[in-house]
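> If you count by my numbering, then the sequence shown holds residues 20 to 319, one letter each, in order.
Calculated from the structure, these hints are not laboratory results.
One or more of the hints may lead you astray.
With a straight-line cut-off of 30 Å between C-alpha atoms, the simulated DSSO-like cross-links for lysine-lysine are [stated by the list, open to error]:
id	residue 1	residue 2
1	LYS61	LYS184
2	LYS238	LYS139
3	LYS280	LYS184
4	LYS247	LYS231
5	LYS197	LYS139
6	LYS231	LYS150
7	LYS139	LYS280
8	LYS197	LYS280
9	LYS61	LYS150
10	LYS139	LYS154
11	LYS184	LYS197
12	LYS150	LYS280
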Amino acid sequence: MENYSIPTEFILLGITRFLFGIFLLIYLSILIGNGLIIVITKVDPNLQTPMYFFLGNFSFLEICYTSVTLPRMLINIWTENRTISFLACAIQLGFLLILGAPECLLLGVMAYDRYVAICKPLYYPLIMNHKVCIKLAVGSWTIGIPIQILQTYQVFSLPFYGSNKLNHIFCDLRPLLKVACGDTFANELSIYAVAMVFGMLPFLLILWSYIKIISTILKLPSTEGRYKAFSTCSSHVIVVGLFFGSIIITYLQPKSKGTDKILALFYTIITPMFNPLIYSLRNKDVITEKDFIFISYFKT
């Protein structure tokens, strides 16, 4: 113990200078795109439905989620300083985990909303009333906070007497455990357990919802009806595939691989960037309202 010192900061090896312009454009597109969806779902009376209520929540969550990592990355790249303090790293990881859980849960809630709308249309206003939507949104945002705070505390309770170099673009669980000293088996087990609760369970709910949705759609008599039903779900399916695909590979694989940084970009940056684009291109209501906002802006 006398030959080692406790690190006061970590060095992020995954950050390179040429990424500044790319990350800046991505961050601006995330803020503008998701911000537009929030405004659209609030100002248009025709979009005051549970589907757009959850979409607005999801877009706001995407802005918060990316703001945990991207601004810090931009500052580090611009100043050519790859270091992040021990406390800042703990705060970043904590918020990353706290905001990651509701992202999975909201996607599950959105799938359930589509299931009720398509499979139980007559009961939809009763089941997905305003109070239920508020409870589902609040529950999605808050249910994982105590668990994720505890997981963050467990990680930073480990001794870090060895290397302080993180082979990553931000403070994440796997890179931190890799440089931690002592037995990290309990922490690895905790990662799998939390990933199962907040990742796999919502994913299974989504899978079950879409199995029911597809079986109901195939029973519709008209081709136009089947197409319309599929089109209301396609955007959500694409976002789910991008987000859960990268999350499952990252956190449920047995050992950390060299692809962790690329996969981390998918669930922290790429999915939030494509979210407004996917929903806008696949939804005529959003396209119409977005065009109206742009026309009104330029007229003024």
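> Evaluate each hint against the coordinates.
Hints, verified against the model:
1. Taking the CA atoms of LYS61 and LYS184, the gap is about 44 Å. The hint is violated against a cut of 30 Å.
2. At most 30 Å may separate the alpha-carbon atoms for a hinted pair to count; LYS238 and LYS139 meet this at roughly 14 Å.
3. Pair hint LYS280 plus LYS184 holds up; C-alpha atoms about 14 Å apart against a cutoff of 30 Å.
4. Proximity of LYS247 to LYS231 is assessed by CA-CA distance (about 16 Å); at most 30 Å being required, the pair is judged to hold.
5. As the CA atoms of LYS197 and LYS139 are separated by approximately 48 Å, the hinted pair breaks the 30 Å bound.
6. A hinted pair counts as satisfied when its Cα atoms are at most 30 Å apart, and LYS231 with LYS150 qualifies at roughly 25 Å.
7. At most 30 Å may separate the alpha-carbon atoms for a hinted pair to count; LYS139 and LYS280 exceed this at roughly 42 Å.
8. Restraint check for LYS197 and LYS280: the C-alpha separation of about 14 Å stays at or below 30 Å, so the hint holds.
9. Using a Cα cut-off of 30 Å, the hinted pair LYS61 and LYS150 holds, with the two alpha carbons roughly 17 Å apart.
10. Taken as a hint, the LYS139 and LYS154 pair is honoured in the structure, with Cα atoms around 20 Å apart against an allowance of 30 Å.
11. A C-alpha spacing of about 10 Å is found between LYS184 and LYS197, which places the hinted pair at or below 30 Å, so the restraint holds.
12. A C-alpha spacing of about 40 Å is found between LYS150 and LYS280, which places the hinted pair above 30 Å, so the restraint is violated.
In summary, the numbered hints that this structure violates are 1, 5, 7, 12.
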